[in-house]
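Chemist: Chains as they are written, first to last, in UniProt numbering: chain A, 1 to 287; chain B, 1 to 287; chain C, 1 to 287; chain D, 1 to 287; chain E, 1 to 287; chain F, 1 to 287; chain G, 1 to 287.
No lab work stands behind these hints: they were computed from the structure.
Just so you know, not all the hints are guaranteed correct.
As the list claims (entries may be wrong) - Simulated crosslink set (DSBU-like; lysine-lysine; CA at most 30 Å straight-line):
hint : chain 1 : residue 1 : chain 2 : residue 2
1    : E       : Lys81     : D       : Lys210
2    : G       : Lys210    : A       : Lys230
3    : F       : Lys70     : E       : Lys273
4    : E       : Lys255    : F       : Lys210
5    : A       : Lys273    : B       : Lys70
6    : F       : Lys70     : E       : Lys210
7    : C       : Lys255    : C       : Lys230
8    : E       : Lys210    : F       : Lys210
9    : F       : Lys210    : G       : Lys255
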Amino acid sequence: MFGNEPWAPLVSSAITIVLILVLAFVLRNVAHRIITRVVNRAATGGSITSRFRKGAAPDGIDALLHERRKQRAETMGSVLKHVASIVVLGTAALTVLDRLTIPIAPLLTSVGILGVAVGFGAQELVKDFIAGMFMLLEDQYGVGDVIDTGAAVGTVEAVTLRITRLRDADGRVWYIRNGTITRVGNESQGWSRAYMDVPVAYDADVVGVKVLLEQVAEEMWADSELRESKIVEEPQVYGVEQLSDSSLVFRITTKTLPSAQSEVAREMRLRVKSALDTAGIQLVGSA
Amino acid sequence: MFGNEPWAPLVSSAITIVLILVLAFVLRNVAHRIITRVVNRAATGGSITSRFRKGAAPDGIDALLHERRKQRAETMGSVLKHVASIVVLGTAALTVLDRLTIPIAPLLTSVGILGVAVGFGAQELVKDFIAGMFMLLEDQYGVGDVIDTGAAVGTVEAVTLRITRLRDADGRVWYIRNGTITRVGNESQGWSRAYMDVPVAYDADVVGVKVLLEQVAEEMWADSELRESKIVEEPQVYGVEQLSDSSLVFRITTKTLPSAQSEVAREMRLRVKSALDTAGIQLVGSA
Amino acid sequence: MFGNEPWAPLVSSAITIVLILVLAFVLRNVAHRIITRVVNRAATGGSITSRFRKGAAPDGIDALLHERRKQRAETMGSVLKHVASIVVLGTAALTVLDRLTIPIAPLLTSVGILGVAVGFGAQELVKDFIAGMFMLLEDQYGVGDVIDTGAAVGTVEAVTLRITRLRDADGRVWYIRNGTITRVGNESQGWSRAYMDVPVAYDADVVGVKVLLEQVAEEMWADSELRESKIVEEPQVYGVEQLSDSSLVFRITTKTLPSAQSEVAREMRLRVKSALDTAGIQLVGSA
Amino acid sequence: MFGNEPWAPLVSSAITIVLILVLAFVLRNVAHRIITRVVNRAATGGSITSRFRKGAAPDGIDALLHERRKQRAETMGSVLKHVASIVVLGTAALTVLDRLTIPIAPLLTSVGILGVAVGFGAQELVKDFIAGMFMLLEDQYGVGDVIDTGAAVGTVEAVTLRITRLRDADGRVWYIRNGTITRVGNESQGWSRAYMDVPVAYDADVVGVKVLLEQVAEEMWADSELRESKIVEEPQVYGVEQLSDSSLVFRITTKTLPSAQSEVAREMRLRVKSALDTAGIQLVGSA
Amino acid sequence: MFGNEPWAPLVSSAITIVLILVLAFVLRNVAHRIITRVVNRAATGGSITSRFRKGAAPDGIDALLHERRKQRAETMGSVLKHVASIVVLGTAALTVLDRLTIPIAPLLTSVGILGVAVGFGAQELVKDFIAGMFMLLEDQYGVGDVIDTGAAVGTVEAVTLRITRLRDADGRVWYIRNGTITRVGNESQGWSRAYMDVPVAYDADVVGVKVLLEQVAEEMWADSELRESKIVEEPQVYGVEQLSDSSLVFRITTKTLPSAQSEVAREMRLRVKSALDTAGIQLVGSA
Amino acid sequence: MFGNEPWAPLVSSAITIVLILVLAFVLRNVAHRIITRVVNRAATGGSITSRFRKGAAPDGIDALLHERRKQRAETMGSVLKHVASIVVLGTAALTVLDRLTIPIAPLLTSVGILGVAVGFGAQELVKDFIAGMFMLLEDQYGVGDVIDTGAAVGTVEAVTLRITRLRDADGRVWYIRNGTITRVGNESQGWSRAYMDVPVAYDADVVGVKVLLEQVAEEMWADSELRESKIVEEPQVYGVEQLSDSSLVFRITTKTLPSAQSEVAREMRLRVKSALDTAGIQLVGSA
Amino acid sequence: MFGNEPWAPLVSSAITIVLILVLAFVLRNVAHRIITRVVNRAATGGSITSRFRKGAAPDGIDALLHERRKQRAETMGSVLKHVASIVVLGTAALTVLDRLTIPIAPLLTSVGILGVAVGFGAQELVKDFIAGMFMLLEDQYGVGDVIDTGAAVGTVEAVTLRITRLRDADGRVWYIRNGTITRVGNESQGWSRAYMDVPVAYDADVVGVKVLLEQVAEEMWADSELRESKIVEEPQVYGVEQLSDSSLVFRITTKTLPSAQSEVAREMRLRVKSALDTAGIQLVGSA
């Protein structure tokens, strides 16, 4: 359609085809470069949040692991480059065929079937990235926080768009896909709560026990060491929290700094035990 | 088709292509600005419901966290801008190719496969937003309410279109995607109910116990302090609620102000225990 | 194509484009008005079934809540109006481009990807509405009924096309999406059944116990007060229902008015206990 | 294309458009009438299987409920008519636009997004109808049968294409969507089986117990009343069915008329207990 | 395109339209006949495997049930014929409109939305048929076999392409959709295994017990009656299978004819008990 | 378009249509032959892995079963041939209509709806085949291996592309669709591990017990019979593995030939018990 | 369209068709070669990570298994080649038909239905590959690591793009599809933690016990053998960790080298037990 000469369509076709091929090779090269860069970054452990990582660096990433990681990156990079080449050059080939007025509908149908499989198979990946993106934007947790993802509970070691890496209390390292985390609990924001249930016998002096516990609470709040570094609120004593099978259960509780609740609870147990011992009050098995 | 001159199509094509490119760049800039604004708002913690937030402000959002949030926002903003540029300019490029009568069906097929993955991967996000929108419209809960989402129970700290942020009794902060909440229980609307099960021996004086409990109920309702600030209905005594293994179980119950049920129940336990002690009636292990 | 004049296509195009734009602005305004009306209705608590609501009105919807609801409705209305404008004007823009013979296939592909996400994300919403519509048509339950939805059990406070609002026995308010209710049990239709298991020792006089229980049953049916307001059928005594570890278990049961089963069962327990005490028969722990 | 006159296309267009509009209004009216009829039938409780309903009619569908049902039917009918009008007239409008050579691809894309949501949201409904249709065709159960649907067990009160309505033993009415019933157990077809486990001490006379149980079995089969109305096969005695912690367990079992198994089992327990008492054999706690 | 006469297109259109309508009515009638045949077959209980059914015929399919089945078949047939007519004639109408150059894209879009719902809703049905087809081809089970489908365990009474009908030990009839059976266990192929755990005290004579059990095993294998009709392999005695809390557990096991394992196990228990009694060895509660 | 004669299109159409019909009938016959072959192979029990089957042949596939299998194959074959004919001839009919310039878009839409149902319903089948193909390629298990599929544990009797057939320890035959096996454990590759926990009293001589167990381990390893046919590694004794409620728990463990762990463990229990008896050390109930 | 000669289209068609067929045969051969290579690699056990495999080689892959693997590979290769031929030649046939202006829309619809089934059925496969690719890129685990995949826990023996092969402690070999692993815990990175709970009586000397445990901790840290090869941090003693039913529970814990926690814990138990014995402090059953 560039003119009325009989040879015009032929020339037009030829130009178009050359254009298509040039574009395809340029695109392929761009894709290869991007793959190289992304894969290298993965191999050297670079991640979006690495710049926020403070301490808690994983031990033992020694030369051997580094070597394995590098080899894997190269293998993966090679696989990905093949895939990219096939996609780009295949698309270009189809375009050229179409330009030559060879019908490509059947070919597109075959490719489309593959596409359905790939598209649906890749949706999980997209979910992970979207979940990771919002999680980062909303600043739900960072490296060093103790979080509960349902699947695992532990300290965050790394956050990428696709996965979150935790280390649990037993030293196990967990890799969790961001898209599978539907709710996450962060134990390192604001405050935590320590509490202790104190079961006493049914015939115990209810008022006396309560007073005793309140004394312990006051002492803890008065203890400058605890107050400075761990407790953020005067401990409170609740009344009869529960009528269990064999005991009346009192509860003593306090707000602590984030993640300090275990230590404070241990301290609390020691002090309450001592106070009760002094007062001659028995604890009762609370089942 | 603008005239019959032989050069008309060429001119028409050129004009169209320029128009497309101009539009694309305008769109790209608009997209970048919107991204900047949205990401900045997220970084400064601005949320739809922040204007309704009253008290219960999260402690410890100190400078460090603020800095991390800002860096994250910038990183995410940069990622999103790249994505927006690729989408807008890619679409423009395809349009130009089509205008130049280069066949783009194969290209659209390739892009479509990606589109399936992205579209399906993003459906969860849309579900979250839709769920959040209706939840807000129906005013299911607000900041400060104690809610039960199944995944976690706690006090609402923030509500956005995508997530709800809770803090549970242990101080853990929960981020829950709105779309995963299929049913939500709000403990802070209207009233709550406090109750206490009173197990007595099989040979206890059934009528006597009931009268005793009714006296306690009347006293509680007569107590002006309780009535003013906590109880909204005279406590009721149910008859033999259950024949357990070793005991007859009576129940005493009352409506309280929202979220005051724990305190009222503790008070009730103390009073019932005292009354029974006075009357010389033993409680029996009910478990 | 309106004539053969050379300027005909141009004029035709211009007329069409003006027509499109006018239509788009009209549609946008209609959409805005509908949004305003729907959102306002939601804000004032108006719901499809509100006209059937009798009593059980939620307490404490005070001015504060009303204000919050109004603000939320305004915010949501504004969000929805933006969305509507973008959809309507975007569609119009695409139509104009198409009319100007600018190829829009690439643009439609981009929009289609978004459409897949939105369409699939919104299917839950459609499910809720369809489920709600049929539930209302089939009159499965109404305000004031006690229902069991699996997720929660309680008294229905409101029914809309999208959600059902319950209040459970503890005063917790539940919002349940209609589409997540696969089976619902209504305790307030026709009748309920009260029953009591009576465990006696292995060496008890089986016939004597049965006669005793039948006497209690007759007395209950003869009691005009019970019969008028609660029981709808003479209580029946079943023989040895179970051979448990340590006891023979008889059962006594009766049909009651809907939701009156708890009260009747309590009455039954009291009467059976008294009768057995009088006859000197011991109950045996049945658990 | 009706001739070669220059005004031919215009006339042709005009005729077509009028035709489209007339068709649309006819279709809308037909749709409205169908909706009215379907909704009215639902309001008056008419259902496919109502003609097969024998007894077990739900009590207490009084005037109030009837009124509520009628109002709901009207509300739903009005909603559905709006929807039908929008669909029919919207389609007609699009057709007219297309006929006027205004491009409608962008509009169809917008509508298609809505369509995906509606189509996918409605698939559950279709599943319910298909499941109901086959369930009726295969005559899996009818009104009056006792069935186990997993979600609930009870007597069928009504069967429609979309739901099955049961009433369980406690009087609770269950509405279960047919599509959610993957397997259903019908207790009212052919026969049921009653059985009783008889635990005796480890040192019991194994042969003697077996003979005793066989005598009971023969007596039951000889009892003309039982045989006529309940038992359909001579009871069988199995040998040592189980070696439990503290006992040898025999089993006695029989086929009964459908749903008569509870009564027969109770009779069996009484007779076995008496026979063992007479023979001086102790039952041993089997749990 | 049939000639060059000006009226040619008109004639061509008319002929085509008549052809379409004739075809449509023929197709509708064919569909109606197929529906009548299929529904009638369902009503008379004819099923693919009925020719293989041997014994185990369901009792009590009396005249009443037959009548109900027939009425249901008629109702369903009428519903299905309406659906078929609407589909066939609707398609024909759309074709005619298209032939008259009235644009049908908007109509097809509306119909397509319905189609998505129907197509997705019907996929379960297709899954059932495909599962049933392969299950029959692979001959996984037949009428009379005892199978475990997860949802229910029982004797197969009928197998169709869509469902499998079982009767469990309590006489309950189960209808299970073939597509929901992901794994099935057939107890009636080849052989079954009977076994018995023999717990003895920690201080028992381990070798002596083993010898004793081996004697019992030999006797059972020597018993010609058992060997002929039930056991297919000499019983084996395993050594100390388990060290439980209070006992050493031996195991004795044998292969039996399919489904004969319960009877053989009962026989085994009797014989082992007698032998141990004779030898003065106590069984110990194995928890 | 084969020439310029006016009758050319007609002739062209006629030739095309004849060509289409001939092709369709050829395809139908090919499909029928393939179906016959596949179904016959299924009926005669031929399966991909049958050539690898060694021993463990299923007993009792007698003439009756063979007859049933043949009849089923014929029925299925007939059903499948009908389906194939409808698909092939239906497609041909549509093609002919299209060639006659009768619009087929509405017809294709109707067919497409069916197609969605069939396509989605068949995806499970494809999953099974793909899973089976990779499972075979990766040689995860073969006939005779003992595997754990989650749904069932047993010895593999047959492997096809669609299902795996197991026989469990009780003689039950399991048919498991390959696509439902997400992880599989093969107990017959390499080695198995036998172990035994030895609970002794808190006051036992820890070192003495350990020495004793090590002697047993050495003896087992020295026993040439065990070493030749069952054990592949000297048994190891672990120290105090657990502090249970009432005992210290030692563990003794060894690698055995695949699937020989039960026998070795029984042997180990006997030997340890004897050694402890000799040494006068009591085992303690380990709960 | 190559010129204006009447025979031009014919020639053009013929050339195109020959071109299509040549291309198809070339593609088919390429596909066959790729299949041969991939299948052969699978048969010889070559996998992506095989080059990283160090030790832990699976025993007993003897000649028999090798033969079976080879046969399977050949069978699979043959199946795959048939599939490839059908796809390639079928696509070519459709293209030729289209070029001959025979309408192929109906054929494409039929093929598309198959395509939906295949595409959706294959999405799991794509998920597995994508998951495997990222897992390798992120270096989550390697051969020899002990990992917890939820479905199984064990030592990694091989990693491919599709599956991970583990061997658990009992010697069972697990094949787990990468796409089904949503979170994975790696026990072999950095460190593990060994701990021991020490329950003492309520009346124990709390301070004394703590001091005693701290001595044990110091001794362990001082033990050069432990420190060199197993412990990486001085053991810590926590205070009263729990108030159980009958005891105060102390905890002693330490970081160890990866996977050395069991051994260290055993050592710790022995040492603590000895120290407590020496000091005359009883351990209390901790339930």
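Chemist: So, for every hint listed, does it hold in this structure?
Modeler: We went through each hint and held it up to the structure:
The straight-line distance between the Cα atoms of Lys81(E) and Lys210(D) is roughly 61 Å, outside the 30 Å bound, and the hint therefore fails. At roughly 22 Å between alpha-carbon atoms, Lys210(G) and Lys230(A) fall within 30 Å of each other, so this suggested pair holds. With a CA separation close to 47 Å, the supplied pair Lys70(F) and Lys273(E) exceeds the 30 Å bound. For a cut-off of 30 Å, the pair hint linking Lys255(E) to Lys210(F) is broken: about 40 Å separates their Cα positions.
For the hint pairing Lys273(A) with Lys70(B), the CA-to-CA distance comes to about 47 Å; that exceeds 30 Å, so the pair is violated. Between Lys70(F) and Lys210(E), the direct Cα distance comes to roughly 48 Å. Violation of the 30 Å bound is thereby established for this hinted pair. At most 30 Å may separate the alpha-carbon atoms for a hinted pair to count; Lys255(C) and Lys230(C) meet this at roughly 9 Å. For the hint linking Lys210(E) to Lys210(F), the alpha-carbon distance of about 28 Å falls within 30 Å, and the restraint holds.
The hinted pair formed by Lys210(F) and Lys255(G) meets the criterion: a straight-line CA distance of about 26 Å does not exceed 30 Å.
The structure does not agree with the numbered hints 1, 3, 4, 5, 6 stated previously, though it agrees with the rest.
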